[in-house]
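Peer 1: If you read the sequences in order, they're chains P and X.
Counting with this note's numbering, you get residues 1 to 305 for the letters of the first sequence.
Counting with this note's numbering, you get residues 1001 to 1438 for the letters of the second sequence.
Please keep in mind that the hints were generated in silico from the structure rather than gathered at the bench.
Warning: the hint list may mix true and false statements.
[As the list claims (entries may be wrong)] Footprint (simulated), chain P over chain X, 3 or more residues, beta carbon under 8 angstroms: (1) 1114-1124; (2) 1261-1273; (3) 1398-1406.
[Stated by the list, open to error] Pulled from the structure, derived: some chain P residues nowhere near chain X, Cβ distances all over 12 angstroms: (4) Thr110; (5) Pro186; (6) Ala192; (7) Phe280.
[To be verified] Derived SDA-like pairs (lysine to any residue); straight-line CA-CA distance at most 25 angstroms: (8) X:Lys1279 to P:Gln134; (9) X:Lys1256 to P:Tyr135; (10) X:Lys1090 to X:Thr1047; (11) X:Lys1197 to X:Asn1270; (12) X:Lys1395 to X:Ala1096; (13) X:Lys1204 to X:Leu1182; (14) X:Lys1155 to X:Tyr1130; (15) X:Lys1438 to X:Asn1231; (16) X:Lys1090 to P:Asn45; (17) X:Lys1112 to P:Asn45; (18) X:Lys1438 to P:Leu48; (19) X:Lys1326 to P:Asn45; (20) X:Lys1204 to P:Leu138; (21) X:Lys1354 to X:Gly1290; (22) X:Lys1435 to P:Met63; (23) X:Lys1326 to P:Phe263; (24) X:Lys1090 to P:Val236; (25) X:Lys1204 to P:Gln134.
Beta carbons are placed, not taken as given, at the ideal position from N, Cα and C, and that holds for glycine.
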Amino acid sequence: MARDRHRLRRRETAMGYFFISPWIIGLLVFMAGPLVASGYLSLTNYNLLTPPTFVGLQNYRTMLSDPNFWQALQVTFYYAVLSVPLDLMIALGMALLLNQRVRFMRWFRTIFYLPALLPPVAISVLWNWILNPQYGILNEALGFLGLPQPQWLLAPQWTVPAYVVMSIWGVGTWMVIFLAGLQNVPQQLYEAAVLDGAGIGRKFWNITLPMISPVLFFDLVMGIVGAFSYFTQAYVLGQGVGNGAGVSNAGLFYSLYLYQKGFSELQMGYASALGWVLCFIVLMMSLLVFKSSALWVYYGGGDRS
Amino acid sequence: MQPSSSRSKAVALAASLAAAILVPMSLAAAKSAPRRHPTAHKPVVITFGSWIPFQDHPGHRKLLAQINRANRGRFIIKPVYTPPTGYDQKLLTEVAAGDAPDFFYLDYGMVKAFAADHALLNLSPYLRKYAASNPVARVKGYYPTSLEGDQVAGKYYALPFIDQPDVMYYNPALFKAAHLPLPTPNWTWQRFLADAKALTVPAKHQYGYLQAPGWPPLEVYIWSYGGHMFNPAGTRALLTSPADIRGLSLMQTMVKDKIIPPQSAIENLNIEDLFRQGKVAMFLGGANDGNYTYNNHPIHTAIAVVPRGTQHVTGNWVGEIGVNPKAPHAALVVQAYLDLLRAYAHTHVVPPVKAFAKQLGSTYVSSAPHGHIPPVRVPIILDSMQYARPLRALKNMTSYYNIETNDLYDPILLGTMNVHQAAKKAEQAFNAMLKASK
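Produce the complete structure using the sequences and hints provided.
Peer 2: And the structure:
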């Protein structure tokens, strides 16, 4: 009897593995394989056309004296520091507005979410025109309001801010997640707060924010990962000015530099090393956020552990 | 009984899954694989990679059809289109994957890098073999500068199909309106700057000339004052030399005198269109471009030689075709390749073989009036060929263009640095690049 049960369990295990095998094969072939390969390639000189030659940690050492590596890091950090908090605040603000009970709310929600559905390349092409210092609608609007009209992508100091302004276009996805979080906040908490004499600010600070902190945490982690792997818009907009990365490399985002090294200059070994450094940075940033979450993320069920 | 039944079900399921994956894959592979071996009735399919969409170019299609007809039963040249944007990267990826066409277009400067990595066939033995029967196989018949980028250690790894000199296009109507005499063969940059100033009418958004980062090439300005980007050995940049500074100063003057549109006005635009639309009076462009039409409507433009500084000089662009060393039937592929190059000699301005260039007036140019270059342009183009120079082919052209744009074009055209500062910065960057590529 026990033997039969054991055999049955083994067969079920085998069948289980069989049914998840497409996923396992996909993971091994398309993720684990390239991951291991890129780890090895980062220790080599490899130009795709000739076999890789082992150079040890040379690529990582080269990075330290590569001014473009530091420029790419600086641009990416600058973008992340500006765009992540700003986008989160705007997304939360929009979600709060769209959580009100007014007529045509479904229409409003759809309209505000629509830009997030557009493909990044289309958004980039559109913004290329919006940001044009001479003919762009953004500078027209700023001029109408009597505000200074920056040169945006043509001025190194305005390049990253231009990308940040453009990133606001895509906050719709975060807004929807915030909205879902807001709708899960129990109404009785607000009712109790009102009875205690709490105003709008107090309700937001003491009820809304703690209750949606897990959502905020999720959006923050995803925002950091997204900011550090920012590529499509930088690639498309970079084509128009400078030599693919804006004037004086002011739009040289880390992923763009990695792509340039790998596919324009065929330095696959160096590009792989850049990839691993990026992976390490994102991992560290995420760990930092995860560690800090104990201080500010509130899970309704009590301690997360 | 039951375990056996479930086992057979599992086996059947696995077989179905495998069949569902493998059968379509094998069918797709069988369908896409071209015929690589000649049989009694079927010719070999030879693939030709380029950035020309043959379906939109009846002239090119006709030319291929003629070659294929003449070689019926032996081979068929099949064009493979790769969009020009990112062409180099796509080609490199195909070569690396062993999936490149049998012969393919190469942008200027790619030959040396490809040859160094054994990604191009050594053509020298074939050129010796066919020299007597095909003029495109005789290297002595070429303009020498057109072959500069094709040789590595004395061996040829590609051949040019076009050697296009830069000429100065101008709009005669705008000259007439400004009461200016038309450019002459001996005009200088000083006269050019004065003309460009007179042709600039800010109120009408009309400018005398166009300069964007990367085009026209600043090397032309430097060369025309006797300067060079690098020393002859290619070990040191010379941008801070007096001749180079003088050449680069031309760009600074263009900005200062406002004879070119501000960079913000030409961002995202096809700059050559501004000339075709009559918003710019002069434009330095390739002789093959012609500028005969705009939006399929004829426009009246003329050409002149590029103005001189202390000497006559102009730039040129050499387009090349190389052969995949892994192509099966190399001898047949090379024959098809040479046939195509010979046919191309009558469709490109300028053919790199001098004997064909002499017949420039009969070269077929689809956009030109009556399909041929106007006779008045022919001597100007051929004169330009006498002193046209290609860029120095370096192993890493991407870095070269990056430095040039970031440290020369952008700061000078945007006015963020003066010429001396920009030249100093670029010289340091170029020297570092040369050191790294040793």
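Peer 1: For which of the previously enumerated hints does the structure constitute a violation, in increasing order of number?
Peer 2: none
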